[in-house]
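J.: Each chain, letter by letter, is given below.
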Amino acid sequence: MTTPIIELDGVSKRFVKKLDVAERFARRLGAKVEEHTVHAVDCVDMVIQPGEVVGLVGESGCGKSTLGRCVAGVHLPTEGTILYRGKDVTTLRGKESLESRLKVQMIFQDPMSSLNPRLKVSEIISEAPLFHGLITRGEVDDYVAMTMQRVGLDPSYHQRYPHQFSGGQRQRIGIARALAVKPDFIVCDEAVAALDVSIQAQVLNLFMDLRQDLGLTYLFISHDLGVVEHLSDRVVIMYLGRVVETAPTEELFLSPNHPYTQALLAEAPRLEINRRIYAPIKGEIPSPLDPPMGCHFHPRCPHAMDRCRVEAPKLKEIAPGRVSACHLNDG
Amino acid sequence: MTSVETTPIDVPLPDQKAAKPVSPAVQIAREFLESPLAVVGLAILLIIILVAVFAPWIAPQNPYDLSEIRLEDSRQPPGSQRTTAPWEIDLDLAVDPSAEGRSEFTFGEEAPIESAVLTWTPVAGENAVTMSLIFNPTLEGIPLEPLRIDDLPRRAELDIGEKHNFRSFWTVEVAELAEFTLSSSRPLDRPFELELAIKATEGEALMTYWLGTDGQGRDMLSAIMYGLRTSLAVGVVSCFFAMVIGLSLGMTAAFFGGRIETIIMRIVDLQLSFPTILVALMLLAILGSGVEKVMLALIIVQWAYFARTARSVALVERSKEYVEAAQCLALSKARVIFRHLLPNCLPPIIVVATVQVANAIALEATLSFLGIGLPVTEPSLGLLISNGFEFMLSGRYWISMYPGLALLLTIIAINLVGDRLRDTLNPRLRR
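The listed protein sequences correspond, in order, to chains A and B. Here the working numbering is used: position 243 in the first sequence is 243, and no number is missing along the way. Here the working numbering is used: position 355 in the second sequence is 355, and no number is missing along the way.
Chain A on its own, in the form it takes in the complex:
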């Protein structure tokens, strides 16, 4: 087996709001003041092989974007390690560290705010490669033209500003910016969610073209099951900071194991002639400030048992290449 390109080992990310002076004083006097901690990502393990497209699915607020940002190096995980090609990225120093950071790039959801409005397209694309010495000043024009062509943009627009482009074109600029540092792993954080459906298809196809041409690996974060089904080799389902199920795409869509996955798939909008009544998953997603004990999903799960309320289910292999975290699997 080859070395995984990205390996997450017990990665957690917690955001803590520290107590201010008054609150600390109140606590010393005996008041019940707690620090607010958001468990955005809770002990996630994940292995991504080179060339794979992994879809990461979950409700909004379940921590999938935070996980993506941890992988891309925007956030540092609170706990756990992230290995790039078998090496812990936090222990790398100097050139290796820089290289591992550049090799993992990210594409953002909002094509407007992810581009600096004061820079021209050519500056946006060429800034990082110039800064890191990947290209020289003389090569900028050619390099920008090549990168723009690669993402399907007319190179003659290189002197324009982001606001002069449409949403789909801006997203292409964002892709070009990421590609400019020659990454081999790309985290797409809801990369097509803000686009029109017709443009979505173009951008998704662009992703697949790039995957073939450049041998890229993707972590594709989305709440859109259709997109994930179309794109991914493997799907990871997250709920409230934890991975609940991982399976190859086709198997997952054929026979979802975890009750949450089943509920998600049941409610995915499909093109059907007959009318359907959507039955939303009961209840709200619990606050990550105060996640429920045991299995996070138990307050909304139709199959919840007493055991679910006290004991968090572990991820267990239920079939080759499939893991799921549900007590029901224990039979």
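Hint data in this document are derived by calculation from the structure and do not stem from the laboratory. Nothing here was measured: the structure is a model prediction, and the numbers come from that model. Keep in mind that the hints are not guaranteed to be accurate.
[Unchecked claim] The list that follows gives simulated cross-link-like pairs (lysine-lysine, DSS-like), each with its CA atoms no further than 27 angstroms apart:
no.: 1; chain 1: A; residue 1: 120; chain 2: B; residue 2: 320
no.: 2; chain 1: A; residue 1: 87; chain 2: A; residue 2: 316
no.: 3; chain 1: A; residue 1: 120; chain 2: B; residue 2: 333
no.: 4; chain 1: A; residue 1: 314; chain 2: A; residue 2: 282
no.: 5; chain 1: A; residue 1: 282; chain 2: A; residue 2: 316
no.: 6; chain 1: A; residue 1: 18; chain 2: B; residue 2: 320
no.: 7; chain 1: A; residue 1: 103; chain 2: A; residue 2: 87
no.: 8; chain 1: B; residue 1: 320; chain 2: A; residue 2: 103
no.: 9; chain 1: A; residue 1: 182; chain 2: B; residue 2: 333
no.: 10; chain 1: A; residue 1: 87; chain 2: B; residue 2: 333
no.: 11; chain 1: A; residue 1: 182; chain 2: B; residue 2: 320
no.: 12; chain 1: A; residue 1: 182; chain 2: A; residue 2: 120
no.: 13; chain 1: A; residue 1: 103; chain 2: B; residue 2: 333
no.: 14; chain 1: A; residue 1: 182; chain 2: A; residue 2: 95
no.: 15; chain 1: A; residue 1: 18; chain 2: A; residue 2: 32
no.: 16; chain 1: B; residue 1: 199; chain 2: B; residue 2: 163
no.: 17; chain 1: B; residue 1: 320; chain 2: B; residue 2: 333
no.: 18; chain 1: A; residue 1: 87; chain 2: A; residue 2: 182
no.: 19; chain 1: A; residue 1: 17; chain 2: B; residue 2: 320
no.: 20; chain 1: A; residue 1: 17; chain 2: A; residue 2: 32
no.: 21; chain 1: B; residue 1: 333; chain 2: A; residue 2: 18
no.: 22; chain 1: A; residue 1: 17; chain 2: B; residue 2: 333
no.: 23; chain 1: A; residue 1: 103; chain 2: A; residue 2: 120
no.: 24; chain 1: A; residue 1: 95; chain 2: B; residue 2: 333
no.: 25; chain 1: A; residue 1: 103; chain 2: A; residue 2: 182
[What the hints assert, rightly or not] Computed footprint of chain A on chain B; a stretch qualifies when at least three of its residues, placed anywhere within it, have a C-beta under 8 angstroms from a C-beta of chain A:
no.: 26; segment: 318-324
no.: 27; segment: 340-346
Cβ atoms here follow ideal geometry from the backbone N, Cα and C, with glycine treated the same way.
For chain A, the structure is supplied; the task is to place chain B on it using the hints.
T.: Chain B only, in chain A's frame:
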């Protein structure tokens, strides 16, 4: 995997006409110019700035050069003129009445005429001489006091003009001098000299005091131009430094957060809870007066506004995805701050800066008016208003009113520009 189709490449741009890259700055400028009121404000502001910058070259007078100021011109109403001293010449014309004769007098440089020629003919059988005085060129058109002829021989009389009631001279008109007769009850047998005094009624106009003069005889227009210079310089310089300090502290607070942020922002809150004029008054009471001290006081009372705005803007911009993208691209912290964060934080800061310049000018005028601002040697508009205040009730409104109008116009112009800038730079108000 589903099949991969070829990606259609060129989706037409929404605006094909905009073939040239339009930078955000150009776009903002265009939008700014859409409001006629703001354009008027901008034009007035530009004129004021030009006047202030070039005051030493375009002001009719240097109002603080004591050699140019004449005390006798003090408190002149608007439109009055400054003139040279009227020229005055005495001619001595020798006459020998025994025979026909001619006498010529050549004038010096200062007079508007070159020479005067006196011809005379004795009248046969009478004690009289007919005379004719011709000026070359004529004195016509030059406003003159009545001419005086003096030193007539005893008992002699002229047939023109009038003798002074009790003094010896005669006053005559220039036109009458073309032909006149001097007669006497006694024989005119000895030569005599006629003394002729010519005096212009007024001197040459040197300049017009379009806005009148103040108590020391300064031209108000020049004083206002120089005052604008001082006021604008104090306002702009103090605002610039307040901006630099406020921007760095505000961005530091936003970027590092935690205790640093708390300390900086609590100082800002403390500062903003005092009325600015009170703080400035206290500072100047401690520091004493002087241009640099006024600037220091203005910087101290203004930086907090910039710091607060800078912090809030930086907080918003820092959470945008392009900053994360820059981090993801492993750009250095300095580069992220200065190339990505700072340029995007500037627009609201510029708006605050324009409004604060107007505030600084008004505040400085207030301090000067109260007499603790700038020294008399570097008068600002506030000091001019204060100087003229004592003359207001005696009807000499111009000494105070025109600097006041200049101050008002400046502040309105800056505020118009600032308002429009806020409208164009505020994304929430964008159409």
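J.: Now tell me, hint by hint, if it's right for this structure.
T.: Hint by hint, here is what the structure shows:
1. This hinted pair checks out: residue 120/A and residue 320/B have alpha carbons roughly 18 angstroms apart, not beyond 27 angstroms.
2. The suggested pairing of residue 87/A with residue 316/A holds, with an alpha-carbon distance near 26 angstroms, which does not exceed 27 angstroms.
3. For the proposed pair residue 120/A and residue 333/B, the alpha carbon gap of about 21 angstroms is at most 27 angstroms, so the pair holds.
4. Of the supplied pair hints, the one linking residue 314/A and residue 282/A holds, its CA atoms being roughly 23 angstroms apart against a limit of 27 angstroms.
5. Straight-line distance between C-alpha atoms of residue 282/A and residue 316/A comes to about 26 angstroms, which keeps the hinted pair within the 27 angstroms bound.
6. For the hint linking residue 18/A to residue 320/B, the alpha-carbon distance of about 23 angstroms falls within 27 angstroms, and the restraint holds.
7. Straight-line distance between C-alpha atoms of residue 103/A and residue 87/A comes to about 13 angstroms, which keeps the hinted pair within the 27 angstroms bound.
8. At most 27 angstroms may separate the alpha-carbon atoms for a hinted pair to count; residue 320/B and residue 103/A meet this at roughly 22 angstroms.
9. As the CA atoms of residue 182/A and residue 333/B are separated by approximately 22 angstroms, the hinted pair is consistent with the 27 angstroms bound.
10. With a C-alpha separation of about 25 angstroms, the suggested pair residue 87/A and residue 333/B falls inside the 27 angstroms cut-off, and the hint holds.
11. For the suggested pair residue 182/A and residue 320/B, the alpha carbons sit about 24 angstroms apart, so the restraint of at most 27 angstroms is met.
12. Using a Cα cut-off of 27 angstroms, the hinted pair residue 182/A and residue 120/A holds, with the two alpha carbons roughly 20 angstroms apart.
13. Taking the CA atoms of residue 103/A and residue 333/B, the gap is near 19 angstroms; set against the 27 angstroms cutoff, the hint holds.
14. About 15 angstroms separates the Cα atoms of residue 182/A and residue 95/A, which keeps this hinted pair within 27 angstroms; it holds.
15. Simply put, residue 18/A and residue 32/A have alpha-carbon atoms about 15 angstroms apart, close enough for the 27 angstroms limit, and the pair holds.
16. The suggested pairing of residue 199/B with residue 163/B holds, with an alpha-carbon distance near 18 angstroms, which does not exceed 27 angstroms.
17. The suggested pairing of residue 320/B with residue 333/B holds, with an alpha-carbon distance near 16 angstroms, which does not exceed 27 angstroms.
18. Taken as a hint, the residue 87/A and residue 182/A pair is honoured in the structure, with Cα atoms around 19 angstroms apart against an allowance of 27 angstroms.
19. Between residue 17/A and residue 320/B, the direct Cα distance comes to roughly 20 angstroms. Compliance with the 27 angstroms bound is thereby established for this hinted pair.
20. Our distance criterion of 27 angstroms between C-alpha atoms is met by residue 17/A and residue 32/A, whose separation comes to about 15 angstroms.
21. For the suggested pair residue 333/B and residue 18/A, the alpha carbons sit about 25 angstroms apart, so the restraint of at most 27 angstroms is met.
22. With a CA separation close to 24 angstroms, the supplied pair residue 17/A and residue 333/B stays within the 27 angstroms bound.
23. Simply put, residue 103/A and residue 120/A have alpha-carbon atoms about 24 angstroms apart, close enough for the 27 angstroms limit, and the pair holds.
24. Of the supplied pair hints, the one linking residue 95/A and residue 333/B holds, its CA atoms being roughly 17 angstroms apart against a limit of 27 angstroms.
25. At most 27 angstroms may separate the alpha-carbon atoms for a hinted pair to count; residue 103/A and residue 182/A meet this at roughly 7 angstroms.
26. For the segment 318-324 of chain B, the proposed coverage by chain A is satisfied: 4 residues have a C-beta within less than 8 angstroms of a C-beta in that chain, meeting the threshold of three.
27. Restraint check on the segment 340-346 of chain B versus chain A: 3 residues with Cβ-Cβ distances below 8 angstroms, three needed, restraint holds.
Checked against the numbered hints above, the structure breaks none of them.
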